[in-house]
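Chains as they are written, first to last, in this note's numbering: chain A, 8 to 309; chain B, 18 to 343.
Since the hints were derived computationally from the structure, they do not count as laboratory data.
Check before you lean on any hint, since a few could be wrong.
To be verified - Stretch-level coverage of chain A by chain B, calculated; a stretch enters the list once three of its residues show a Cβ under 8 Å from a Cβ in chain B:
1. 107 to 115
2. 170 to 178
3. 215 to 229
4. 274 to 280
Values in this document were obtained by computation on a predicted structure and should not be read as measured data.
Cβ atoms here follow ideal geometry from the backbone N, Cα and C, with glycine treated the same way.
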Amino acid sequence: MTTSKRRSFREPSLLTKILLQLAAIGILITVLFPVIWVFSVSLSPLNLIRPDGLNLIPKDATFEAYLKVIDRPTSNPVSFLELAFNSFKIAGGTALASVALGVLAAYPLSRLAFRGRTFIMLVILGVLMLPAVATLAPLFVTLNGVRLDLPILGAFNLRNSQLGVGIAIVSGSLPFAIWNLKGYLDTIPRELEEAAAVDGASQARIFRSIVLPLALPAIAVTGFLGFISGWTEFYYSWMFLTQPRDFTLAMALSAMTGTYASAIPWPLVSAFSIMLTLPPAIVYLLSQRFITGGLAVGSVKG
Amino acid sequence: MSIFTRVNRRSLTPYAFIAPALVVMAIVTIYPLIFQFWMSFTNYGLANLRQGAPAPDWVGLENYVKILTSELSIPNYSFLRLFLYNIFWALSNVAIHIVLGVAIALLLNHPGLKLKRLYRALYVLPVLIPPIVVATTWRNMFNQDAGAVNMLLGLVGQVFRIPPETFSIDWLRQVEDPISFIPLPLAYYAMLITNIWLGWPLNAVVATGALQAIPKDLYEAAEIDGAGRWASFKTITLTYLRPAMIPFAIYGFVVTFNLFSLAYFMSSGGPFGRTELLVTQAYRLVNERQLYAVGAAFAVVLFVILLTISLITNRISKATARYDDF
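Next comes chain B alone, as it looks inside the complex:
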């Protein structure tokens, strides 16, 4: 038995419904993607852009080789650094988002807390603000002279008799790494703080939903069986949170991996391109450098990376789903 409404297999009705969208997608989505693939094997550049300009030359895999071996003639480009930083950026963010989201959801779910609804409503405020505004605002807050963060640190410092001039930190542009044995610039930490502010609320919403679905009598049963608080947290709370949080963590990982706005508008990829992400690099190749063919090849590489990530995460979510079904 099929779950689909039985229409004559040769009926044209389904195609009549889907045709307009397919035609539009074929022209504005599929054709550009195929064109992109072709472009990536050429040297398409500014010279080929004008009307009636000569067609670009076929260069084979040259663009790909240059991208992967970091031979592009643009400043501060290293594929390996970009890739590793991008993975670490996404992982570190999502890990913190989930821990904070669950912790705050537990707080919001605690029977002793008053005004829960008010907190819940106000905590999701960051989600309503457009990404470009979030990035601009935090860039302002981390500004060396006019920013709130340095002023706030100055105020706290006064308590400990530290002169306020100490806190003239150039958060987004300082070249020296703040922690000498961790090769990450200060801008990474500033953007991490920004993205924590932006990222935990949705995690808390998802975790709150999962917490509310836990039957209360499970805890009572655990208590009767002599389980302590930590044991019932581990066996009941975490078990119920996992099936909701793992798909959301995967979604969060992909979103953070491709998070254009902070890397582009806050740090502009700096200092020396060290907070650049793959997506901002792809944008700069096309927009600032006008290397259209290289940009196309870069997008194909990005697609392969994202495809690999989604195949891996698919396995993770399938494996965990099986565990939870058991």
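Isolated chain A (complex conformation):
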């Protein structure tokens, strides 16, 4: 009895160490397997029906799937770059808009006492509970009723435009941005601001020269998360857009594997998946430290 109690604080036995290592490697294989599989399929010839087995580099390995993706991934006459540019515009525009408006709104919600504050917070919290799908019908119908005639863009139906998709995305991403940024501002000590207020600085000045620089990590993270969700946004763009020149990456991927697609071109789909995933993944890996530091919403107590 006494010996077994003490064992846990001794150096673990060699057998324990080997078993632990095997378990960790086993888990790693299950984590990496799908990633390696996609990579392997993406190198397969385009006319492949059935892979000849589980090979890392398939027989007759080729980059033709990647070349086809770059040139024209779907039956529509759009290249990967055009699709990526559309996704980039939607993701960048919505991220920028929601972060800019969000940080302005988060500041008084975190720092200033004013009438209606609690009510506004409750409304934002209520909206945050809704999944994006839940506002699809009213946004579609409402935006469909708006016909715009802008100087450079000409006349168009707001629903059938990237601007309309962007507006629909902001309807969900702005409440999230306000909430996340407010949560982060709550964690920043107020001493600096109080000192500045004593010195007679205006609220606008305090916001610009103290709060904004301090909130930079959270601004970057909220912007990044907004960009990521915009980059692969599907619900609204799939529902709203009908002109191939407006199509996004997620729409193209969905079209390739759609329910009604007779034979799914898996090598093409795999190459497309990899090219769709790499840009945000690289940005994430480069800015990892920054990102975990600026996330207030996901933090848990304890």
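Following the hints, put chain B in place on chain A, whose structure we already have.
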């Protein structure tokens, strides 16, 4: 004393900051939600969409009644089945995520394991992949002819002299239930496996954080008091894990409950709509069926369900918080 910076109560400064966001939210978020509520009592459909089309008729609670009594004229629709499946889908996933997440966090926290940092970094890889790509990739892996899962099973089967043709399983479309007394299609199990792959890493990250916060001398004290390994695991490890894991479990439940990507892109809700979730059904009503009014009413029902869930989970987290404070 207020924690807020004292500004004149009648000062307009706070409103100047918040006004742009409020105006935008009022137009693109609040107005559509109110419009949605109105729409849900009408028969708004494709015919009312064109410019200058007649306004829809007021139908009162008809949409709600049809949704809740499964009288919608679309194939494979049953509200009760959808709702129960959706709850079970979320519960079964989260339970497995937490057990696996904690177990793997314990492994990663074990003093005898080398290369911890490497494992930690690589284990979170699934989180970096966009949901639509995860769903597409696993749909490929579960493909009957070209998928990795059947090939892998074939390889394992060879060891036991089972012919590889045995493993021509149509994971996502097979109609017969694999386990006769559990009314769940094979696609559920395929999606469960996919979501386990996707879901445990974040649970492990949260559990690892909580494990590292446990003071080591607690274990030594427990040992001196004569507690065995299991007893100190129960009284120390689990006590410290609980306040971190319960809020994350609640968050995971809501995320999984609304997990659009797998049900939409992997199984397309099939076979016969049996792996459809409330969110994918809501999307199909509007996108494929163009039943805008019914879709609006469905979204209101979904909102009520989510509100109820969050009220319940709020109580759970408050109750457990009180326990932990003690």
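Unmet hints by their number, sorted upward, for this structure: 3
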